[in-house]
Each structure stands twice: as structure tokens, then as C-alpha cells.
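Student: These are the residues of each chain, in order.
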Amino acid sequence: MGVIFDIKRFAVHDGPGIRATVFLKGCPLSCWWCHNPESWSLKSQDIIREVKLNGKTFCEEVTVGQEIEAKEVITQLLKERMVMEESGGGVTFSGGEPLMQPGFLLELLKLSKEEGFHTAVDTSGYVEKTHMEQILPFTDLFLFDLKVMDSVTHKKYTGVSNGLILENLVFISTKGKKIYLRIPVVDEVNNTLEETNSIIQFLGTNKIQVQQVDLLPYHHIGKSKYERFGIKYRMRGKEQMQKADMKEIKQQFENAGYKVKIGG
Amino acid sequence: MTPRIKKLREQSLNAVNKISAERGLLVTEFYKNHVAFGDSIPVQRAKAFRHIIENKKVCINEGELIVGERGPAPKATPTYPEITVHSLQDLEILDTREKVWFKVGKETRKAFEEKIIPFWKGRSNRDRIMKSLPEDWHDAYDAGIFTEFMEQRAPGHTVAGNKIYKKGMLDIIDDIEFSISELDFQSDPKAFDKREELKAMKIAAETLILFADRHADKLEELAINEPSEERRAELKEMAKICRRVPANAPQTFHEALQYYWFVHLGVVTELNPWDSFNPGKLDSHLYPFYKKEVDAGTMTCEKAKEILHSFWIKFNNHPAPPKVGVTALESNTYTDFALINVGGVNEDGSDAVNEMSYIILDVIEEMRLLQPSSMVQLSKKNPEKFIQRAVKISKTGFGQPSIFNTDAIIQELTRQGKDIIDARNGGASGCVESGAFGTESYILCGYFNLPKILEITLHNGFDMRTQKQIGVKSGDPVSFNSMETLLKAFEKQVKHFVNIKVKGNNIIESIFMNHIPTPFLSLIIDDCVTTGTDYICGGARYNTSYIQGVGMGTITDSLTAFKKHVFEEKSISMPEFLNALNNNFEGNDQLHYNLVYKTPKYGNDDDYADEFLQEVFEIYYNAVTGHRSPRGAEYRINLLPTTCHVYFGSVMHASPDGRKAGVPVSEGISPVQGADTNGPTAVIKSAAKIDHLRTGGTLLNQKFSPSFFEDEEAIAKVSKLVRSYFRMDGHHIQFNVVNADTLRDAQKHPEKYRDLIVRVAGYSDYFNDLGEDLQDEIIRRTEHENV
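In order, the protein sequence lines correspond to chains A and B.
Numbered as in my numbering, the first sequence ends at 264 without a single skipped number.
Numbered as in my numbering, the second sequence ends at 1051 without a single skipped number.
Each hint should be verified, as a subset may be incorrect.
As the list claims (entries may be wrong) - Here are some of the chain B residues that sit facing chain A, going by a computed Cβ distance under 7 angstroms: (1) ARG729; (2) LYS752; (3) LYS756; (4) LYS759; (5) GLY851; (6) ASP853; (7) TYR857; (8) ASN858; (9) GLY943; (10) THR945; (11) ALA946; (12) SER988; (13) ASP993.
Rather than coming from a laboratory, the hints here were simulated on the basis of the structure.
Glycine included, C-beta positions come from ideal geometry on N, C-alpha and C.
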């Protein structure tokens, strides 16, 4: 039994093919730019949602997060089997940080592999190494988030320092797992040439093989959610990233020999 | 695109639709002078056709490579007074209505007033039909239960096969002579009728040769005065082509296209058949000619493209003939539904995609014209490159090409008893209708308003709008105590109205068979010549009559609302519910909210919500299937709306799914506008729950924002979505790629968006030419997609 807050079908940005993405609740980080603040807490939360009809506003209480058996999740995912198989897709577990519910995630991954699904785990990397290790045999692909190389800056914007994250990245790489590196590009935080250089350097030094680098330009979509969940939004004044702004960073990675996608 | 093609394209886009009195006057003159007096009806029809072709103006536009216009000039649109005669008031409406007007000049008006109307008023085929249809038909028609395709246009809906690329008109005349020689006057009671029909066909075949000769004469005349040496040589070459085809089978790429075009003009001059005739699998037909010439070095790929461009423009020069009466006022769609097929499989079942397929896809993208419309036939055997190229064109947002499942179409057709070779030579035409090209007459009879029949059921057969008891007494809805009783009553009403519809169509068909045979069209469709039987009288190898069901999403969600709220949760009583519907939810906001937001909806891959889709499908399928028409056709269903879902919504009260009075019902088998919230894979899963293989076509509209097509990888994923749907036997899917802001701006500044084409439902139309309600609906669809 675990807590999820959504299953998104026709997910086309979370790995190869057409995928179904399961969002697990709970996250050890609290990134300023997070699009899913509803994922932070491990527990389900009740919020008020406003819906308009005929110019009138209806309020309804909605519970974000649902306790669910792993088997039931698989039943839902089976609806997408045909599309996954046809498109070379699969299932992606995201969050939150899916490894915040390590036992549940492990069970989901095992059951997915029993069904023959291609599996991807979208992780912040801020997890216990043993938890990471136990999912390795059932995970085909890691979508591994890398935010900032400087530990102090990392702590400022995410709430935690990045030592453990970098260790885990090296760890899964040495285990030969396929990795898509995902970098949220945020104005005044990491959209500099120096930052990109230090990431490239880190990857090189540690001989980390990544299949693809996804650059995720920051945009304001999450703002109204913060208000709804009563969380302070700290990104006011920050500029949205335009695709054009990403060009140089993309070029830098490409020059270093990486395949780059903007937007994942 | 060469400069002259650019110019021709611009001219075609800028040409104003006009009513031309030419054909009306010629056909009036013919019948008035009794020149055919004493001839059989088919021979009269053939001679009338000849009289028009002999005397109409020959129009050759500057710089064009394919010649021939139906009217005296591009977009000069003829009328068919023997089928339906436009009154002066109709002409006034056409001239002044806001959308897609047809300008009516002073001379034209005078011709109608003094010659055409006095002769035909009360004597057209429409007059015959209206007099012959029973009262219950008129009542149901007036209530908006169904529409009728053939009250103003002739039964058509067929597509040319490959016959014309193998046989010239002279060869076909030989076949006719042979059929005449084989007639059995000793024991075939129809021998005389067949001889008359065959004589008529021969006149029609000779007439088409005459038409080409008139063009050759004109081209030679133009060549004499042509200052440019290059064009002079071209005009001479074109004259030669017109002397060779259609008299003989084509030898070159250019001849093949010119031949087809003369045949097209023959079909649309003889009558105004629904739905527009088209060349079918054009890449398969043209490839041998193309390959031969490119290999021999007598034609370049660029030249082939230029000829195709010129061919494309010819279609765009020909809007559909305008209608009369209330239909003229309401209908603002005048595309003629020529749907060119690309891809699919060969006769032997192998992958038919070839170099010509890609060239035609290039042409579709470059021309961006409303007509001809285009589609790709996608078989599991076709390469990814092919579907991805097609999806990439969809991204440009003008709605073409739509995508069809060849493997499903072949199964649909063979299930109906067709030979597998004939099925493989088939495809889809009009909006989404399956047919065997060159061998089938598959007539569309009209749209059928399924949600309206639920409304009638809920009033025990009484129509609130026309205040008449038009249905059977299927029970007081207050007495319904389960979904079963409700569905039983609904089924009774569906059967009742299908019976009325079929009876009406059989009357209409008999009238056409007796009065309006089509000897010219009969030349093209097998086996009319062999059997000496007219296309309209069952001469085609296969005959089908389709009744097109509309509003599957609306009725499915309506039934789910009853199940959940009235019978399962019992949160509202039947009388309260009916009362709320009659009051358009006034003062019942909470109920309305619950219906819209708190009721499972079709299109989300939720079995609870999709259950009644299957139930309604079976009820409708069983009500229609098994009826037979006078020409020997079997009645079958397909599920598509064109724009009729707007009209059907306008005659309805509020419906139980939360749709308010007058709002369009859902289109095709697409979910109710905005009801699908689980993404496109859930939509295709839901839509695949009906048995597409037992239909003759279904229409699924999937809206996409352009972002879904941003790069090769994204396009590949959309292509896989299509493949997934087709793996589940889905028949057709099309994409609407636009954003709402663009459309809103287009509504405000139509002048800036003259070339903006959107998918409506099964076809594309200029956004500017759509009525405001339809524009609003497309904006709503788009908004939903952007959320």
C-alpha cells in the first residue's frame, strides 16, 4: 500500500515511447521552482477547488493523494499496455520522490516487470543508497535530476545539500544503468556557462554515461498551485526561461558529446 | 511551386463563387424543345448531357496544364433544375448570406425568372419526392430526427477505380456494343430496358470525347495567338493530349490526369451527386505512368509536381452546388468532399506506398487547399516514414491529411461480402465512408439524430418543439424503474424512426430510378456496362445505403447520467430530472454541475461510462441492418456528422448529460466536447470499444496543440498513437492542430486569416466560412486542449 496523487496517460516527456507516469507522494526536497508542490507531503491533503459553470463558481473539496495497493496501480497501467507496446513506451514512476516510499516503489517495479513493462524511475537522487540499490534490477532507465553543482546554492534552493545526490548518480552509473540527466534550468540559479561547465566536468571526471540530457526550462505553471496548498511561492520576480535562452547551454552539452533535448 | 502555379492558386483562392445559369438554361432548352421526345428516359438523360456539353462555354485559364471547367469560369457554379429548382428567394439568400455566398448577377437572375423557374417549378425531381413522401416522414424530418441527402442532390457517393487508366472511351464503347449484342430478347424481360440504357451510355461516352475535342480546338486556337514560344508548344501538346484522351487509354502521366479530370467533369455535369466523386488511390494509379516517364527521361519529378499542382487547383475551382430553401440558409459548408487517397495496399495485399505517395504528400502540403481534401490510408504494412510524413503535415494545422486504417476498411468491406481484391482497391471517401472504388455505389441517405430520439423517448413519443406526437407510445418515463426499461423504450423509438427513414429513402430511390438515370457515371463504375444496368438502378457490382448516426458521445453520457443519478444513487427522481431538462437547468445549478462534472463521461477509458456506447451502437446497428432498397442495396450504418451535429443540437432541449438546449451535440464518435480529460490514449481506448468493423466508417476527431508535434520524436509518438488506435481496429482519426487565441483573433479579423483552414469533422473548411456557432465550438474544443 502506498500513496499516489496521479496517473498520467499519454506521457510523452518521461522517457522513450508513449508512457504512463505514476506520481508518488512525498519529497525530501522543496525546490523553489517545483511544479508539483502537492507532492511534497507523504500524506494525502484536502484542498478546495473552484469550478466555474454558467458564470457561477462551485467549490468542492478535493483530496490530493490516494492510498492504493500496488496491484490496483498495475490494473490501471494495464489499460495502457497496448499503447506502450506499440510505441516502445512503458511506465515511469515519478513524484515527489518515488523512493520516499521505497517498499511501495519496489513492489510497483517488480509487478511492472512481471507484466513486461519498460520501467523508468524519475528521482531527485536524494535517497538512501540501499533503497537505490534494491530497485536497480527492476529499473530500465533512471530520469535523474541534477540541479546545481555548488552545494551551498543547492541547499538554498532545494533545502538539502547535494553530496548524497552526486554519490548516487555515480553509484547507478557504475552499475551500468541507463540514465537521462534532467536539469531544470532556472533564471539566476543555474543558467550560466560556469554551471554547465562544472556539470560536464563532473560527468567526465566520474565517467558517468548518460543517454540523454533533458533541459527543462523553468516556467510559471506551478504558481497557482502554491496558493491552493498554502505554500509560499518564492519564485516571484524570476523570469520564465524562453527556448532561445536554452540554446547556449544546449550547445555546450552538445559540444561535450551529449545528446540534448529541451523539454524532455 | 512555379510562379504560374502560384498565380493560378491565388486566382482560385480569390475567385468569387457565382451562380451560373448556363447549365440550367441548356437543360431547360433541351427539355422545352422536346428534342428528345419519343426517347426512353435513359436516352433522354444522355441527350440532355450531350446538349449541355456541346453548347457550354469552354474555359481555359492562363497558364494551366489541366483544362476543363464545369461552369463557364472558375467557381461559376451550375444548378440542376431537373433535380431541384432555385426560387428567386433562394438566389437572394445565396447572394446575400453572410457565409459562403454565391453571387447572383442580374443576367443570371433574369434567366431564372424568365426561363428556368417557369419551366421547372412544380416539375423538378424534388417536387416529385416531396409529394410522394408520407406524413410521418415529413413530421420526423421537420422535428430534426433525420436529414435527407437526396431531396436536393442526386445519389452519388462513389469513387473512380483504375478502369480509366486501362480503357479509353472508345474501348468502353466497344464493351457497350458487345453488351448490346449479347442481350437476350428471348428470355430476359429486361432486355429492352438494358438496350436503352446501353444506348444512353454510348451517347454519354461519345459526349465526353466531344468535350475533349472542343478543348483541343480551343487550345489549338489559343496556340496560334500565343506570343510565348514555350507556352505555344505547351498548348499544342495539351491539344494533342485532349485528342488522345479520353478517347483512348492514357499513355503518359499528363494524359492520365487530364483523362481523369474530363471524367470528373462528366460526373458533376451530368448531375449533382453526393458526395463528390474523386480519383481514389491516386498514387497507385499514377505511379506506373510516372515511373515509365522518369525512367525514360521524358519527364522530371518537378514537371510531374507542376501538373499535379495544376490538377489540385481544378478541384478548388469547383465548389459544391448550392442548395435551396431552409438548407440554403443554414448550410454554410460548400466543400465538395473530394477525398484523395494515398497509401494503403496493392491488389495483392502488399505495401502500396511508393515514390508517388511522397510526391502527393508534398503537393498536399504545398497547395494547402480546401479541395481536394486528402487522406492517407495506413496499413500495418506501410513504413513509419510514410505515417510520420503525413502526421508532420497535420501539424501545419489545416487538417489534412486525415488518417484511415486500411486493414480495418478491408475487413469492413469483405465482411459486407466483397471480393478481397475489390476491397483492397477501396478506401474511404466523402468524410470517412468505406467503399470499393470503381465497383460500388454507396449512397449516404442522411444523418440520424440519436440524442433527439432519447428526448422523444422521454416524452413518450411527443416532440416538444413541433408539438406533435411523432414517435410511438413507448411508455410514460415516470414509470421506468430501471435502465433496461428506459433502453427498451429508446430501442422502440429508434426502430420506429429508422423504419420511417428507410421507407422514405426507398421511395426517393424509386423516383430516381424511374426518372433520373445516370448513363455517364455508369460508364465508370463496374459492372454497369456489362449488365446493361444504370448506376442508380443497381448496376454497380456492390450496392450499399448508409444512414449516418450522430451524437454518440451525447447519448452515451446522457444514459450514464440516468444510470448513476436516477437508478443507482437515486439522488434525483425521474419527474424532477425531466422537469430540470424541460427548464434547461434554470434554477437547478447544482444538478447541472453534477451532470457536467460529477458524472463519468465517455472518452476516458472508463467502462462504467462507456457501457452505453456499446448498447446504443447495438440498438442502432440492429435497427438499420437488414433493410433493403429498391436497387438492391443493403442498409448499413456509419457514424459521422459533417456539420450536422450543430443542426441536430439546435432542435433539441437540454439533454441529460448537462448539454444545454440548442448547443451542438457531440460529433462522430468523438467524446462530448471537453469531456475527455484523460488524454488521447484514453480516448482511443474508449472509441475502440465499439465494433468499427461492423460499420462503414466512424469519425474520431482528436484535438492537439501544435506542441505535440514539435520535433521528430514527438511526431513519431503521435504516429504511434495512430498505430495503436488502428491496432484496435479504429477506422479513422484526424487531428485539429490550432490554438484558441489564433482562432479568436480570426473571428475578430477574418481578413487576416483568409487561408486559415480547420478541421470541422471529417473534412476541413475555411474558418471564415463557418457559421459563428461552429466557430465558437471549434474555439471551445481548442481551449479545452490548451488547459
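Student: Give a verdict on every hint.
Tutor: Here is what the structure says about each hint:
1. ARG729: violated, 23 angstroms
2. LYS752: violated, 32 angstroms
3. LYS756: The hint is violated - LYS756 (chain B) has no Cβ within 7 angstroms of chain A, the shortest such distance being about 34 angstroms.
4. LYS759: Status violated, d = 35 angstroms.
5. GLY851: violated, 12 angstroms
6. ASP853: holds, 6 angstroms
7. TYR857: Holds: closest Cβ of chain A sits about 5 angstroms from TYR857 (chain B), inside 7 angstroms.
8. ASN858: Because about 10 angstroms separates ASN858 (chain B) from the closest Cβ in chain A, which is outside the 7 angstroms limit, the hint is violated.
9. GLY943: With Cβ-Cβ at 4 angstroms, under 7 angstroms, it holds.
10. THR945: holds, 5 angstroms
11. ALA946: Holds, about 6 angstroms.
12. SER988: holds, 4 angstroms
13. ASP993: Nearest chain A Cβ about 12 angstroms off; hint violated.
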